[in-house]
Amino acid sequence: MRFLGSLLLFAFGPYCFAQNWAVGVAGGYGVYHDATIQNAAGASADAGFGSRFAVGAVLTEDMYEHIGGELRYTYRDGDPELSFNGSQVNMDGVAHAVHYDFLFYGTPRRSRIRPFAAVGAGIKRYEATSRIAQPLDSFGTLSHAHQVEGMVSAGGGVKVALGDRWVLRVDFRDYMTPFPERLFRPVVTSSVHGWLHDFVPTLGVDWTFGGR
Numbered sequence: 001m002r003f004l005g006s007l008l009l010f011a012f013g014p015y016c017f018a019q020n021w022a023v024g025v026a027g028g029y030g031v032y033h034d035a036t037i038q039n040a041a042g043a044s045a046d047a048g049f050g051s052r053f054a055v056g057a058v059l060t061e062d063m064y065e066h067i068g069g070e071l072r073y074t075y076r077d078g079d080p081e082l083s084f085n086g087s088q089v090n091m092d093g094v095a096h097a098v099h100y101d102f103l104f105y106g107t108p109r110r111s112r113i114r115p116f117a118a119v120g121a122g123i124k125r126y127e128a129t130s131r132i133a134q135p136l137d138s139f140g141t142l143s144h145a146h147q148v149e150g151m152v153s154a155g156g157g158v159k160v161a162l163g164d165r166w167v168l169r170v171d172f173r174d175y176m177t178p179f180p181e182r183l184f185r186p187v188v189t190s191s192v193h194g195w196l197h198d199f200v201p202t203l204g205v206d207w208t209f210g211g212r
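One point on numbering: in this note's numbering, the residue at position 131 of the sequence shown is 131, and numbering is uninterrupted.
One or more of the hints may lead you astray.
Said to hold, decoys possible - Label pairs and their calculated CB-CB ranges: (1) Ala40 to Asn20: 53 to 61 Å; (2) Gln88 to Val205: 33 to 41 Å; (3) Glu181 to Phe209: 41 to 49 Å; (4) Val160 to Asn85: 43 to 51 Å.
Simulated from the structure, these hints should not be mistaken for lab results. No experiment lies behind these values; they were computed from the predicted model shown. We treat Cβ as the ideally placed atom computed from N, Cα and C, and that holds for glycine.
All chains should be built: construct the whole structure from the sequences, respecting the hints.
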């Protein structure tokens, strides 16, 4: 019984989530689910970005016992790519995502372990940083350009208190945007199908402050 009581206290006892605010940093690795470009002959090429690292920062507020919100910035390394039947062209590129998410916690604010679901919206800026265009015949051309798209964010994670002020967190987000055609420039006879999905798991640490 003593062990069970200690375990429950460890998991759900009063802890650092009495604080209202937190700032944090995180890093991880993102994987894109590509869109497709279809040419006049009906063939389809994959169009998207390479899998690369992600880093970011977050400002979080616990507004209510089970509801919070956070402003997040994520830097995504990733090269624009076109591929078809083993042929591939790419350029150097990055993306910047800024968004606000609502967090819905499964446990109260003072719990040590807090799983949560997240949903929100924001913007994502795609950039192709190379200056030499890369064509893939009959589909399109990668070009030096940038484009800002509206973004939907969905996912979740878990926070674990490490002490009076520090919190370890694991997050997963799916960043969904319309296809940034300026970077890919499909040929006149081609058409783009699908949104881009950017699946980004991260590991981070928060510092809490401003308790009630």
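Can you list which hints this structure breaks, lowest number first? Per hint list: zero violations.
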